[in-house]
Every structure is written in C-alpha cells, then in structure tokens.
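Top to bottom, those sequences are chains A and B.
Residue 298 in our numbering sits at position 298 of the first sequence, with consecutive numbering throughout.
Residue 1196 in our numbering sits at position 196 of the second sequence, with consecutive numbering throughout.
Rather than coming from a laboratory, the hints here were simulated on the basis of the structure.
The reader is advised that the hints may include incorrect statements.
Far from chain B by the CB rule (all over 10 Å, computed), these chain A residues [unchecked claim]:
1. F57
2. T158
3. I167
4. L172
5. L250
6. I260
7. N261
8. R368
Residues from chain B that face chain A, not an exhaustive set, calculated with beta carbons under 10 Å [what the hints assert, rightly or not]:
9. I1337
10. V1355
11. A1356
12. D1362
13. R1368
14. G1378
All residues carry an ideal CB built from backbone N, CA and C; glycine is no exception.
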Amino acid sequence: MNGARNANAGVGRAASQIHRVLTEAWRLQPLYVSLYAILLSFVVGGVLISIIGVNPFTAYWALLRGMVGGGDEIAGSVARSVPFIGSALALAFAFRAGLFNIGAEGQLLAGGITAAYVGALSWMSDLPGFVAIPLILIAGTMGGAIWGGIPGVLRTKTGAHEVISTIMLNSLVLFGVRWMVNSRDPVVLRDTESTVPRTDPISDTAVLPELVDSQPVLHVGLFALVGICFVVAFVLKRTTFGFEVGTVGLNPHASHYAGINVNRVIVASMAASGAFAGLAAASEISGTNGFFQPGTFFLMGFDGIAIALLARTNPVAIIAAALLWGSMLSGAPLMQQEADVSIDVVRIIQAMVLLFVAADAIVRYLFRVRELDQSPFKATSIEGAV
Amino acid sequence: MAQASGGAARPVLEVEGITKAFPGVVANDDVSLTLNQGEIHCLLGENGAGKSTLVNMVFGLYRPDQGTIKVRGEEVHFEDSGDAIARGIGMVHQHFQLIPVFTVAENIILGNEVTKGAFLDLDSARRQIDSLAERYGLAVDPDATVGDLSVGEQQRVELVKALFRDADILILDEPTAVLTPGEVDDFFGVVESLTGQGKSIIFITHKLREVLAVADRITVLRAGQVVGTATAEGATQQSLANLMVGRDVVFRVDKAEADPGAPVLRTQDLRVADDRGVETVTGFDVEVRAGEIFGIAGVEGNGQRELVEAICGMRPTAGGRVEMLGQETTDWSPRKINELGVAHVPENRSKHGVVAQYTIADNLVLNRYHHRKFSQRGVRNTAAINAEAQELVEQFDVRTPGVDAVIDTLSGGNQQKVIVARELTGDLKALVVAQPTRGLDVGSIEFIHRKIIELRDRGVAVLLVSAELDEILSLSDRIGVLYRGRLAGTVNAADATREELGLLMATGSSGGQR
C-alpha cells in the first residue's frame, strides 16, 4: 500500500516536473491544458495500440515519419492543415462574441459552392490571375459570410439559438449542394461531362499558385489563412470592434447598457465567422480541387471546433493546433501501411484530445496544474488574446 | 431582548483564535467570538472585513488555518457543512439556496427527505413544517411554489429549512439586505421569537440601525481582526461606525441649499412594461431641474427598475414620452442618450455596471471606448485608456493594485466606485442613479454621496432612485414616492418625515391628513 502510494507520488512528481519546465522555460501558461491533453491522448492511444498487439513506438514512429518524415511529407501535412485554420477560426471568432457557431461545416459548403460557381463562370478565363484569384476567394468568403450571417440574424430577430439554427443550416446546405451537384434533370451545377458528380472545373486563371507539388498540393492559400489569423488576433486585441465583440461575449447586458449595438455585433460576428470558413473553402476549391464535390469538406467544420478549443480560441494558437491536426491525418496512412494500425486510431486519439481539453479537471489533477483564470469553454478576456 | 432563562449565560459556540489566510490576504486574523444560548450576536463590519469567511468556517465550508471552534464546549473539526448541520448549526445565505420550481415542502426536505418506503412522505413533512411555522411565527404555505413567493417569504422558507434540520445555532448572512422596510420589522419579530425559544443567532450585517434594534452583543470586525465588542445598550450608531471604519464618520451629508435651474429631464404619462409584459410604470410624470436632486422613494417592485431603464433607453416604452434638454428622447438608444450628456449608474452592478472579466481600465471606458480620445481609426489607444483610468482611480479613490487588475478582484464598494467614476465624469447634464450604495460599506457610501452632491452643485439634474429611505432623505431636494408605477406624491425634502413617506410608500396616499 505504501509502495503504491510512493509510485503514485513518483508519477505526480514527474508530471509536476514537466509542468515546471513548461512554466519556467517555455512560458506557455494559457495552453498547458492543451499540451497535456495531447500528451495524455498519445499515452492512452499507445496503450490502445499495444492492446491490438502492436508496439506503440513502432506505430508512432511510422506516424511521425508520415507527418514530417521528409520534404513532401511536411508539405503534404501543411497542405492538409490549411483549411482547418479557417474552420477553427469560424468557431473561435463567434466564441469571443459569446456565440457557439457549430455551422462551419455548412459555411464551408456554402463558401465552396459559391467559389466553384464563380470560378467556373465563362468570363473568368478572360480575366488576369491577379483579378480572378481575389474574385474567387472573395466569392467563397461572401458565401460563407452569408451562410454564417443568417443564424446571427435569426438570433437577433427571433431569438432562435445559433446552435440549433446552425445545425439546421448545415443540413440545408449539405442536401442542397448535393442535389445541385448531383441532379441531371434539371442540370443545376453539375458538370455533365463528368461521370462523378461535381461542378464544372474553374477557370485556369482562378487557380491559386502552387508552392509544393505534394499530396495534397501545398498552395498559396496557406498565406491567406495564416495571415487572417494574425489579422483576427489584432482585431480582437487592439480594435474598437474587437472590444465590442469581447464585451458582448462576456456580458451582453452590460454591453447594451454601455451603448453597444448588441444585435449588430452578433450578426457581424456570425458573418465574420462564416467568412473564415468560406475563405478556407474557396482556397481549397481554387488551389487544390479545381471544382466542387459534395463530400470535399466532410467533417472539416466539426474538426474546426476541436481545433479551436484545443487552441483555447486564440487565433495564433489555432495555426499550431490546425497544423497538428492536419499532419496527424496526413501521417496516418503511413502508420496503417507500416505498422498495420488503422487510420481510425488517429481519429480516436484526436477525439481524446478534445475530451481531455473539455474535461480539463483530469489533466489538472494529473499534472498538478492550478485552475487558470478561465476555462477553455469560457471566452477569454480581450487581454487574454495572443 | 431576553436572555435565556437559567441564570448565567451558557456559551453554545466558542470561536478561539481563528486565523484563515487566502493567497495574498489574511481574511481572519486571530478572531475570537462567543455566542451564548438565546442570544443574538451581531457580526458587524465593512465589506471584506472577514465576516463571511468567519461564518463559513463555523458552517464547515472553510477550514481554519489556526484556532479552534467549540460547539457546546466540545471542540469540532468540520469537514463540510454536513458536519456542521449534524451539530445543530444552520445557515441562511444571502443568496437563497432554493429551487424555484419546487414547492416549499419539497425545498425544505431536500437533502433530508422524509420517506415511506421508496416514496417521499410529503404529508408528514407538511405536518412538521406546519408545526415549526406555528411555533416560531414563520408563516409559510408548504404547497406554494417557491418561485411564486416574495423575497421575504423565501427567506422564511430558508429559516424553516434550517429549523427542520434541528438547528439551534442559526447563522444569518445579511438577512435584511433583500427585504422591504415592512418585511424587516416582521423579520425582527421572527428572530426574537426564535431566541425566546432558546435558539442562538449570529446575525451578519453592516446596517447600524438594525444592529442596535436587535443585537444583544456586537462584535466588530475590521480587516480580519476583532476591533471591538459591545453590548447594544452601550453602543451608538456613531461609535459602531467609527469602529467599523476606523475613523470618524460623518453621517449627515453636508450640502448647501439647492439652486434649481431650467428643467432638464421630463416625462409625461410614461408607461413601461416589465420582462413579462406587465405594465409596471403606469403613467409617470416628473420634471427634474438642473442643479437639484429628485429622489424617488418607494418599496421595491413598484416600477423603479423599468422606469430607470426606459429613461436611459435600455427598455422600450409602452406609451408616453421622455424629454431631455428640450428634445424628445423616447426610445432613443442608450448610446444616443448617453452622448447627450446623460449618465446612468445602474441598479444591478454585476449585470449591467461592469464586465467582470475586464480590467478596471476597460471598465472605466466601457461606454466611451469609441471616442476619438481612446480610439483612432478603429484601433484602441491603450496608452490613453490607461492614463484616463489612472486618473479616475486616483480621483475616485478606488483601492486597487493597478488599473490593469481584473475588476472582479475588487470588493463591491470599489467596483461601484469604478462605475461611479465612469459615469460621473465628462460633460454631464443629467444623472440617473439607481441604488447607488446598495451593499456598500459606510466609507464608500459617504464618498459616493459626496460625489453626487458635487455634481448637483455643478448644475447637473439628478434623478435618484433608492430603496434606502435614509439615502433619499439625506440626498434629495425633492422627493417623490413611486407607488404602483406612478408618483403617489411629491414633497420637499426639507418638510418630509419618515412617517409621511412610509405611509405614502405603503398605501399610495398620505391618508388625507394634508
């Protein structure tokens, strides 16, 4: 009994030692829980892998090489991660305004279909690239913004909760685009020459330049989405509008009292959120796919929720969290190939990350982390950003 | 206040040399206190003096760092409040711990269910509640739904709940803060009937008048230490206030004769509905002139909240008009009204007054963050915001480590000073203040009153709404009584008496005497 207690104390000491190093050397205060959640998920995932009868180190080594084992792997991982940045920002921005936007899935589709439609317009090929590319990106962004703005308007005009309305709008756009792209009679947006359901290919002038010919292709959209993260960080922390968003998120009653137009902030925040998802979709259509297929963004919006929470809705941390998320998905096939561990194990590990971030008490107990000023599910103050 | 029979006072609770520290603050420093059987022992102190910490230790919610607690001569170490309840200690918190959708009986037996087999035995619970109610004069209907009860009734339910668990020692945390003057009198009757039957009571308050009315003995805390013990006979309001604050307190607000100018704020037949759609302001007419304080007295719930919110643009009107500075401002937005030079100190500090997670600096610019001084081309000028905050913090004597401290770390009094600092600066023409000193300590009240008078003397029209009759009487130049959503009468403050106003508040008329 004493021995068990000593062993327990030993683990605790080791864990708090890790904590001390992170505290003093890295100064990562607001992100401890996330880092430990990742660590813990990999440990639990390792146990799971050994139960299957595979050496977890072999599996993880293959996973790691699949993620960052060479230039192509790294480029592929980054490329896979880029759209997640947008879908995570879609949650994070609305979150700061006290709104739970779980409609990124639908906002991606709305942005993607709009971008594909505009990109395939016949006159697009007459435009030079420096006009056509911004145009397709703006079109997608607008599509997402409108689809995100609708729940905002519904909330302010009718009081409909955005969680419910975004779920409904997800279904609406999901089946809507599926019909538009599948239907042959009448033809709506289907490329009739194609055997698989997809839209017409976009004009060559609207294709984002390629950076690395990896799998998938790494394109210039990376800069757009990373740049947006820094813009959002600046807006939230330093601008008057960001102050209004944060104030409404933390206390809508006080905002109303202080003269902030709460309804305007809600609609604007939801539209901005949708815009980020729309931009991500447009950059994928333009840089990666070249056309729209209904399944393209499957689960990307919901992964965005996990990534945003992992990053504690901090726009800059989202870049890192999205990179981790995308690379894990990108590296998983090699793990399956070499260690015979299903890709789904990576999905399980990702689910556990989210679970441990949400149930942060587990992590706090194990690693002796004191309660932070705010939990990841409460919006952080404007000063807490970046 | 009868001592319990049986000769010499018998201590039921002895707290000896208790010390309790929280990170950065010693909340209780070597505090001792003795509660005798059948006694009402008042614990008096400013906000943050350590009263709640002390009773939370007695009730098992905190554990003391040092010192001992004895119940009926026996030393106890409570792990949680369950242990304290088992020892016959009951506590009525300032914020009631009741479930609004349950009935009175269900709330009372909650956690202590009387069962018959697998079923609740509500009948026998009801009988017990009735007999308790009768014995102590605590009229409660066991079958009423708690959410439908008035605050005073809910408090009685809390008391019955404690008695139902056989509490002999009752801790009452600021029990009168939520009651109307009439309910306070009823409450004192109940308290005396409890002690008359052998119960012992620790009564926490910072209202001096109440202390002198009910206490047998008084312990005064300041900054975590006991600074004095007194009997009610030996104490005066002045002596207690000085002990509490640690210096001489001026009760009377010094103010010169008002010199009213042109009308600034006027309402005509104003009607406003509350959240449920019930019209609670039912034709309100008032005219407040520059340089005067118009006080609105009245029992809470007579439309005060809706009136203030409608005037300040936070709530749509249902009829009538509001005029300010000669313009009609009916249903203008809060910002437009504010930019006219109308400030508003809201009734509900935490809901409307501050953003709890923001710094003091951000809270100080909450309604003017967008002014050119603090924001250029949409980008916040942090340096200017902090400089302004620094100045206001000094000017309004906000006790804080710095303007970048999160406002939630401040005491209620200091938070209110932040709100007052924000609202009372700038080029004001009118000021609407609701319950400006509710829950504050004597020092902060004095300070805020002085600031309001200063503003009046500078020619600002002040509309003051308060449930504290003393506050209305000492600040106002004219007093109107709000009764069922309209003005029941207006009197000059100089001629007003408590009795006359009390009658107006209770009945809506002065009884045809005048």
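I'd like to know which numbered hints this structure contradicts. Please list them from smallest to largest.
5, 6 and 7
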